[in-house]
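Following the hints, complete the assembly by docking chain B onto the known chain A.
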Amino acid sequence: MKRIKTVIVEDSRLARNELKELIKNHPEIEMVGEAENVDDGVVLIEEVKPDLLLLDINMPEKDGFELLEMLDVVPITVFTTAYDEYAIKSFEYNALDYLLKPINEKRFALAVEKVKDNLGKSNNEAVPSKERLTGSSQIFIKDGEKCWLVKICEISHLEIVGNYTRVFFQDERPMLYKSLNQIEEKLPENYFFRANRQQIINTNFIQDLVPWFNGKLKLTMHNGEEVEVSRRQSYLFKDRMSL
Amino acid sequence: MQITSRNRNRLFWLLQIAGWGMVNSTIFIVPYDFSTTYIIYSFFGASIAGILATSLYRTVLLKKIDSIWEKKNIIKAIGGFFMTAVLYYLLAYCSEIFYDSIWGKTPAEIKFDEEEVTWAVSIFSIAFTILAWMAIYFTIKFLLKSNQNRLESLELNATLREAQLYTLKGQVNPHFMFNSLNNIRGLMLEDVDKSREMITKLSEMLQYALVKNTVDAIPLKEELEMVENYIALSKIQMEDRLHYVEEIAPDTLQTPIPPMIIQLLVENAAKHGIANLKDGGTISVKIKKEDQNLFITVTNTGKLQIAKDSTQLGLKNIRQRLRLLYGEKATFSLEEKEGAVIANIKIPLS
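Read top to bottom, the protein sequences are chains A and B. Position 91, counted from 1, in the first sequence is what this note's numbering calls 91; the numbers after and before it change by one each time, with no gaps. Position 290, counted from 1, in the second sequence is what this note's numbering calls 290; the numbers after and before it change by one each time, with no gaps.
Okay, chain A solo, but in the shape it has when bound:
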């Protein structure tokens, strides 16, 4: 099996050593780099594109959540933190994976197993091109107190709200603080389609499709939401779907 490329971002040198010591028992993990603060971490992650990120929360100047917000693509992430009521509440609330320091070796092994499962699922994916995300790429969205690590293929559609974008997936609809055009450039073309000026849809989430007046199309999404495809885009859409 392919080794898991792993990056540690953690401000304490001894804590990094401690993590590396734990990793020694797992030959499938390949350490590809470490950083002691968020800015260095972002540069490192964008350069080496790791599969797994072991991330501390409390770091000088910027914290772990801010690191994720700075990334376009987020690797599978396991938070490591010493007991911190606030952070733990946030992990639990947002269903994020975390390990409490000092880290129990069994728990660490379990976390590694889970990472392997996740990576196994996405292994048959097409290799991501340099500019675009793939369906299994994760993005990090933080909207107020809540945050999510969302797989691209789980997003049903996206919508312009002012200068930002609302992201629809499962029952959630948080705001992402980027423009729709900015996001469109990164989305994989095989899943996503620009239905009109306001919306981008995931074609896998289309439930129903009916011709509308003026050569337009009307789509009904899995969640019941209706999306009108503009005339120009309708031609493209029919072409693409070979209708």
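Treat the hints with care, as some may be off.
Derived pair list, reagent style BS3-like, types lysine-lysine, alpha-carbon separation capped at 30 Å [unchecked claim]: (1) A:Lys89 - B:Lys303; (2) B:Lys329 - B:Lys303; (3) B:Lys194 - A:Lys20; (4) A:Lys20 - B:Lys278.
What follows is a set of in silico ranges between Cβ atoms, one per label pair, in the way DEER data are often shown [stated by the list, open to error]: (5) A:Asp171 - B:Asn7: 25 to 35 Å; (6) B:Glu152 - A:Tyr86: 29 to 39 Å; (7) A:Tyr86 - B:Lys286: 30 to 40 Å; (8) B:Ser203 - A:Glu61: 47 to 57 Å.
Simulated from the structure, these hints should not be mistaken for laboratory data. Yeah, the Cβ is synthetic: ideal placement off N, Cα and C, and Gly gets one too.
Quick look at chain B alone, frame taken from chain A:
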């Protein structure tokens, strides 16, 4: 419940009116043949004279006296007593003359004045009345005062307990403790002796937090040991990012200080100051004696910013404890100056 000065004033006036009214109501039962007008007039006249004289006494003098056991205060109270007695006598005397000039006294009333109210009787009864008044006044005053003291010491205890809880829950805060344990675990891979030393320091901190902060005061030296332990443990987390400087005047080491105050300031300096700086900074603790005051200064590199999730419990606790222990004589300030956050505490030594 705290007795406010408004309630205290109300109580005073209520007792004044009721007391003087009661004393002077004897006029209604004396077996003399007085006219009704005279009876009612002297009841009110004497009561008002008494209330005026003693209230003036209280306002001018007694309110300012906290303890009667000081010689200076005893002299003041006795002097005030004579003046009040004279004032009371004059007011009562004037009121009699005033009555006589308006309504005219009956022969029985004049006879009573001349035969029964001799100088000796007047002096004795006035002195007795004012003395009795003083006795009642001081008794009530000190009962209220002792109640107040009891409340204050209760409040102090509660605050101290809060600090103690805070120390266990928030201060040798779990995050710091587990981080330290994790760092020590990492340190064991490279330096066993130092790891052992760090475990000892961590235990000492826990011990100190558990045992020492139930007391009101500890020698400065002990508090500084705790601070040094904290710094040593923070240094294995932050390493070169944390510098620590101490400037302690040797004659301050045995000075008793309230526990956990310098410790809280240093923790704040580390947690909100140095830990947020990528390149780190310096924490310095300076302590000196000057003009019967102890000056404690804790400085750290960084900006004064109150974190949005911070409850400022630590700072509140310091302020409250200083106020309860030293009143207005202790001061605490926190300011930012030239890229450093400076906490200043002044504690009176006497």
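Worksheet item: Which numbered hints does this structure break?
Response: Violated hints: 5 and 8; rest satisfied.
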